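Asks: All chains should be built: construct the whole structure from the sequences, respecting the hints.
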Amino acid sequence: MSVKTTVSSDKSEVTIHLTGRFDFSTHRDFVGAYKEYPKGEVAFIVDLKGADYIDSSAMGMLLQLREYSKSNKDVRLINGNDGIREILRIANFDKLFSIA
Amino acid sequence: MNMQGTSAASLPKPPTPQSAGLALIVDDELSNRIVLNALLKKMGYTVIQAINGAEAIECFKENQPDIIFMDIMMPVMDGFDSTTRIKALCGDTFIPIIFLTAMTDEKALARCVEVGGDDFLTKPFNHTLLRSKIRAMERIRDLHREVRTLLGQREREEEIAEKVFSGAVIAGNVMPEKLKTLMRPAALFSGDVLLTAYAPNGDLNVLLGDFTGHGLSAALGALPVSESFRAMTVKGFSVDQILNEINRKLHALLPTGMFMAAQLVRISHTMDNMILCCCGMPDILITNSAGTKIKHRIPSTGLPLGIVPDTDYLHSISNIMADLGDRALLASDGVTEARNPEGEYFGQKRLEQRLSQGTSQRSIVESIAAALEEFCLDAPQDDDISLVEVPFLPEVLAALDNELPPASNEAIAPKNDSSSPHNSLSFSVTLEGPRLLKTDPVPLLINQIQELEGLKDQRRVIFTILSELYINALDHGVLNLDSALKAEPGGFTTYFTEREKRLQELSEGHITISIHSRLYPTGGEIIIRIEDSGSGFDYKSYISNIKMDSSIPSGRGLMLTRELCKSLAYSEPGNKVEATYAWNN
Numbered sequence: 192m193s194v195k196t197t198v199s200s201d202k203s204e205v206t207i208h209l210t211g212r213f214d215f216s217t218h219r220d221f222v223g224a225y226k227e228y229p230k231g232e233v234a235f236i237v238d239l240k241g242a243d244y245i246d247s248s249a250m251g252m253l254l255q256l257r258e259y260s261k262s263n264k265d266v267r268l269i270n271g272n273d274g275i276r277e278i279l280r281i282a283n284f285d286k287l288f289s290i291a
Numbered sequence: 004m005n006m007q008g009t010s011a012a013s014l015p016k017p018p019t020p021q022s023a024g025l026a027l028i029v030d031d032e033l034s035n036r037i038v039l040n041a042l043l044k045k046m047g048y049t050v051i052q053a054i055n056g057a058e059a060i061e062c063f064k065e066n067q068p069d070i071i072f073m074d075i076m077m078p079v080m081d082g083f084d085s086t087t088r089i090k091a092l093c094g095d096t097f098i099p100i101i102f103l104t105a106m107t108d109e110k111a112l113a114r115c116v117e118v119g120g121d122d123f124l125t126k127p128f129n130h131t132l133l134r135s136k137i138r139a140m141e142r143i144r145d146l147h148r149e150v151r152t153l154l155g156q157r158e159r160e161e162e163i164a165e166k167v168f169s170g171a172v173i174a175g176n177v178m179p180e181k182l183k184t185l186m187r188p189a190a191l192f193s194g195d196v197l198l199t200a201y202a203p204n205g206d207l208n209v210l211l212g213d214f215t216g217h218g219l220s221a222a223l224g225a226l227p228v229s230e231s232f233r234a235m236t237v238k239g240f241s242v243d244q245i246l247n248e249i250n251r252k253l254h255a256l257l258p259t260g261m262f263m264a265a266q267l268v269r270i271s272h273t274m275d276n277m278i279l280c281c282c283g284m285p286d287i288l289i290t291n292s293a294g295t296k297i298k299h300r301i302p303s304t305g306l307p308l309g310i311v312p313d314t315d316y317l318h319s320i321s322n323i324m325a326d327l328g329d330r331a332l333l334a335s336d337g338v339t340e341a342r343n344p345e346g347e348y349f350g351q352k353r354l355e356q357r358l359s360q361g362t363s364q365r366s367i368v369e370s371i372a373a374a375l376e377e378f379c380l381d382a383p384q385d386d387d388i389s390l391v392e393v394p395f396l397p398e399v400l401a402a403l404d405n406e407l408p409p410a411s412n413e414a415i416a417p418k419n420d421s422s423s424p425h426n427s428l429s430f431s432v433t434l435e436g437p438r439l440l441k442t443d444p445v446p447l448l449i450n451q452i453q454e455l456e457g458l459k460d461q462r463r464v465i466f467t468i469l470s471e472l473y474i475n476a477l478d479h480g481v482l483n484l485d486s487a488l489k490a491e492p493g494g495f496t497t498y499f500t501e502r503e504k505r506l507q508e509l510s511e512g513h514i515t516i517s518i519h520s521r522l523y524p525t526g527g528e529i530i531i532r533i534e535d536s537g538s539g540f541d542y543k544s545y546i547s548n549i550k551m552d553s554s555i556p557s558g559r560g561l562m563l564t565r566e567l568c569k570s571l572a573y574s575e576p577g578n579k580v581e582a583t584y585a586w587n588n
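Taken in order, these protein sequences are the chains called G and B. Its first residue numbered 192, the first sequence is counted upward by one per residue in this note's numbering. Its first residue numbered 4, the second sequence is counted upward by one per residue in this note's numbering.
Everything labelled a hint here was simulated from the structure, so no lab data went into it. These numbers come from a predicted model, not from an experiment. A few of these clues could be false.
[As the list claims (entries may be wrong)] Per the computed footprint, the stretches of chain G lying under chain B, defined by three or more beta-carbons under 8 Å from a beta-carbon of chain B, are:
1. 244-250
2. 279-289
[As the list claims (entries may be wrong)] In the DSSO-like style, the derived pairs of lysine-lysine whose C-alpha atoms are separated by at most 30 Å in a straight line are:
3. B/298 with B/166
4. G/286 with G/202
5. G/230 with B/252
6. G/286 with B/569
7. B/504 with G/286
8. B/579 with B/238
9. B/136 with B/44
10. B/441 with B/579
11. B/489 with B/579
12. G/202 with G/226
13. B/252 with G/286
14. B/110 with B/136
15. B/136 with B/64
16. B/579 with G/226
17. B/44 with B/126
18. B/126 with B/110
19. B/90 with B/44
20. B/238 with B/569
21. B/252 with G/261
22. G/240 with B/352
23. B/489 with B/238
24. G/195 with G/261
25. B/183 with B/166
26. B/181 with B/238
27. B/298 with G/286
28. B/166 with B/252
29. B/352 with G/286
Where is the CB? At the ideal position from N, CA and C, for every residue including glycine.
Replies: This is how it looks when you write it as structure tokens:
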């Protein structure tokens with residue numbers, strides 16, 4: 192699992208890129224990645240392009256990120272594969288995140 | 004050779020508190036022992052000595068040194084063999100062994116580590132280098148000890164917590180024999196929790212929850228959930244009310260990021276429907292009685308519990324008509340996500356294939372458990388695996404009849420009624436219009452009666468009577484639904500859809516419930532009067548037609564009520580009913 196971040200040119204949007212299994216083993220890196228930015232000030236995008244799996248503790252981390260971001264609706268989950276989108280759908284996370 | 008110099012192996016001094024520990028030197032050369040002995044003493048060690056590998060083992064058993072210095076070439080037994088045996092004796096205690104040898108060939112040095120040695124140094128050794136190696140070993144040893152202590156502590160704490168957990172969460176479950184379960188946690192503590200309880204009318208509620216993560220922290224949330232689930236089921240609250248409460252509680256208690264996905268099934272005592280709700284878990288499957296065909300899938304329609312404070316699970320609930328013998332299959336995602344040694348997932352497809360193949364096993368759970376075993380072999384288990392099979396059979400319900408207090412239709416007030424003229428209680432409540440949608444007055448009234456009158460054994464019976472009569476008044480009175488609807492093919496769903504629609508649109512109408520109870524020294528009596536705003540129904544033909552016939556999907560509620568009561572009477576035009584229930588203590 193690896194976690195990388197990129198920042199938009201106006202610094203208002205941070206993208207967290209994930210690869211591999213997104214589960215509890217990612218916890219430190221994932222939290223470390225977004226906590227570099229002040230709470231409540233930026234919008235986050237989680238790019239799941241390289242991720243092949245997501246488990247419930249990862250969903251917990253997404254909820255923590257949601258609380259940390261600028262406003263609750265400001266977390267976008269993008270590029271998840273079919274399996275990941277299915278898991279997010281089962282959890283009804285589309286009610287909490289914008290998923291694209 | 005003989006022992007030289009100090010009291011050596013025979014009489015070691017136990018390390019003093021200031022001592023760096025007890026060191027064992029194994030070497031057949033006296034001069035080597037003397038040099039090393041001097042160095043170690045300077046570093047604060049108490050030293051014992053052995054002159055060959057065999058003696059080293061004896062020395063080790065007797066004195067349990069903290070660090071060992073081992074020569075390779077020795078008579079009787081060499082350093083390799085000795086190290087292999089000593090390391091085996093160590094178990095999971097870490098006792099560093101440093102090889103000191105004149106041999107310089109790479110193979111021999113590599114073998115030092117292979118047989119269990121922790122480091123090596125070639126002779127003649129440099130004192131500073133050896134001192135550094137010893138310090139490094141001490142650090143590793145201390146770390147090892149600390150980890151062991153912590154692990155031991157955690158193990159003990161988990162064992163204690165496990166006891167409490169089983170006592171509080173598991174022990175409270177009702178476990179009808181026909182309910183089949185497979186609960187295989189990935190850690191000592193499962194993040195999955197299975198809860199079961201009976202409602203006062205005999206309905207069975209089964210909840211399978213899956214907390215984020217697993218282990219102790221995941222299991223913590225199970226305590227408040229089991230408490231709410233059980234208390235509210237026993238008090239007769241509906242599935243959505245129970246879920247709303249658990250959701251609210253978890254949201255208040257758990258940190259962000261922790262939540263519980265859940266599947267809930269309620270088997271109705273009327274044996275015609277089940278109520279289901281799936282929140283963030285895989286589909287609940289309903290199969291035919293053979294377990295081979297999937298009749299319904301209940302997809303996840305609700306958010307997992309504990310994420311958002313104000314969710315109403317009423318809208319996530321499915322009510323389906325079931326046939327005798329149908330089976331509801333609850334499963335955590337640990338089942339479909341179980342992996343084989345190649346890393347492939349078991350998957351929903353394999354699960355459903357297994358179902359369609361049918362099986363010689365008695366239950367679906369056993370059949371899938373066998374399939375999982377074949378598939379996963381010895382691959383490590385990543386997640387908690389839970390499977391629950393709830394058959395749609397009267398046997399899973401509370402044995403209401405057996406637990407009823409003695410039928411007491413002859414319970415008569417003492418003849419001298421005036422002896423306790425004041426020991427009675429009356430109250431009434433009226434629900435109007437939309438209130439009828441929002442409030443289920445039955446559990447509230449039952450709690451009220453229990454609190455005021457202290458009834459305990461009668462609680463379930465009174466609940467059954469009150470809820471059957473109330474639902475009749477609501478469905479057939481206020482909502483004017485015809486129960487003949489249920490008898491048609493697919494009628495059950497039509498009935499409930501229509502009921503839901505009329506409830507939503509309800510703007511007028513009312514139901515009044517009056518309770519009058521009276522306690523005697525020997526027992527008591529409760530009179531329940533219910534009046535609705537409907538135009539009344541043809542209760543005469545209705546009552547004369549109802550039989551305990553399982554092919555007729557309606558009427559059993561009223562039949563049961565009549566059996567339970569001392570008297571049950573409708574009055575014209577059929578929108579008023581009075582039921583009297585009496586009991587002896």
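Asks: For each hint, tell me whether it holds in the structure or not.
Replies: Consistency of the hints with the structure:
A stretch counts as covered by a chain when three or more of its residues have a beta carbon under 8 Å from one of that chain; for the stretch 244-250 of chain G and chain B the count is 4, and the coverage holds. Counting residues of the stretch 279-289 of chain G whose beta carbon lies closer than 8 Å to any beta carbon of chain B gives 6, which meets the minimum of three for the stated coverage. Distance hint between residue 298 of chain B and residue 166 of chain B is unfulfilled; the C-alpha atoms sit about 40 Å from each other, more than 30 Å. With a C-alpha separation of about 27 Å, the suggested pair residue 286 of chain G and residue 202 of chain G falls inside the 30 Å cut-off, and the hint holds.
At most 30 Å may separate the alpha-carbon atoms for a hinted pair to count; residue 230 of chain G and residue 252 of chain B meet this at roughly 26 Å. For a cut-off of 30 Å, the pair hint linking residue 286 of chain G to residue 569 of chain B is broken: about 52 Å separates their Cα positions. Proposed proximity of residue 504 of chain B and residue 286 of chain G is supported: the alpha carbons are some 25 Å apart, at most 30 Å. For the hint pairing residue 579 of chain B with residue 238 of chain B, the CA-to-CA distance comes to about 26 Å; that is within 30 Å, so the pair holds.
For the suggested pair residue 136 of chain B and residue 44 of chain B, the alpha carbons sit about 16 Å apart, so the restraint of at most 30 Å is met. Pair hint residue 441 of chain B plus residue 579 of chain B holds up; C-alpha atoms about 23 Å apart against a cutoff of 30 Å. The suggested pairing of residue 489 of chain B with residue 579 of chain B holds, with an alpha-carbon distance near 23 Å, which does not exceed 30 Å. Taken as a hint, the residue 202 of chain G and residue 226 of chain G pair is honoured in the structure, with Cα atoms around 15 Å apart against an allowance of 30 Å.
For the hint linking residue 252 of chain B to residue 286 of chain G, the alpha-carbon distance of about 20 Å falls within 30 Å, and the restraint holds. Among the hinted pairs, residue 110 of chain B with residue 136 of chain B is consistent with the structure: their alpha-carbon atoms are about 21 Å apart, no more than 30 Å. For a cut-off of 30 Å, the pair hint linking residue 136 of chain B to residue 64 of chain B stands: about 24 Å separates their Cα positions. Restraint check for residue 579 of chain B and residue 226 of chain G: not satisfied, since their Cα atoms lie roughly 65 Å apart, outside the 30 Å limit.
Proposed proximity of residue 44 of chain B and residue 126 of chain B is supported: the alpha carbons are some 19 Å apart, at most 30 Å. A distance of roughly 16 Å separates the Cα atoms of residue 126 of chain B and residue 110 of chain B; the hinted pair therefore holds under the 30 Å criterion. This hinted pair checks out: residue 90 of chain B and residue 44 of chain B have alpha carbons roughly 25 Å apart, not beyond 30 Å. Of the supplied pair hints, the one linking residue 238 of chain B and residue 569 of chain B holds, its CA atoms being roughly 24 Å apart against a limit of 30 Å.
With a CA separation close to 26 Å, the supplied pair residue 252 of chain B and residue 261 of chain G stays within the 30 Å bound. Of the pairs offered as hints, the one joining residue 240 of chain G and residue 352 of chain B holds, with about 25 Å between alpha carbons and a cut-off of 30 Å not exceeded. Distance restraint check for residue 489 of chain B and residue 238 of chain B: the Cα-Cα separation of roughly 28 Å lies within the 30 Å cut-off, and the hinted pair is therefore satisfied. Under the criterion of a C-alpha separation no larger than 30 Å, the hint pairing residue 195 of chain G with residue 261 of chain G is consistent with the structure, at around 20 Å.
As the CA atoms of residue 183 of chain B and residue 166 of chain B are separated by approximately 23 Å, the hinted pair is consistent with the 30 Å bound. Annotation: proposed proximity of residue 181 of chain B to residue 238 of chain B holds, straight-line Cα distance about 24 Å (limit 30 Å). With a CA separation close to 28 Å, the supplied pair residue 298 of chain B and residue 286 of chain G stays within the 30 Å bound. Among the hinted pairs, residue 166 of chain B with residue 252 of chain B is consistent with the structure: their alpha-carbon atoms are about 24 Å apart, no more than 30 Å.
About 27 Å separates the Cα atoms of residue 352 of chain B and residue 286 of chain G, which keeps this hinted pair within 30 Å; it holds.
The earlier numbered hints that this structure contradicts are 3, 6 and 16.
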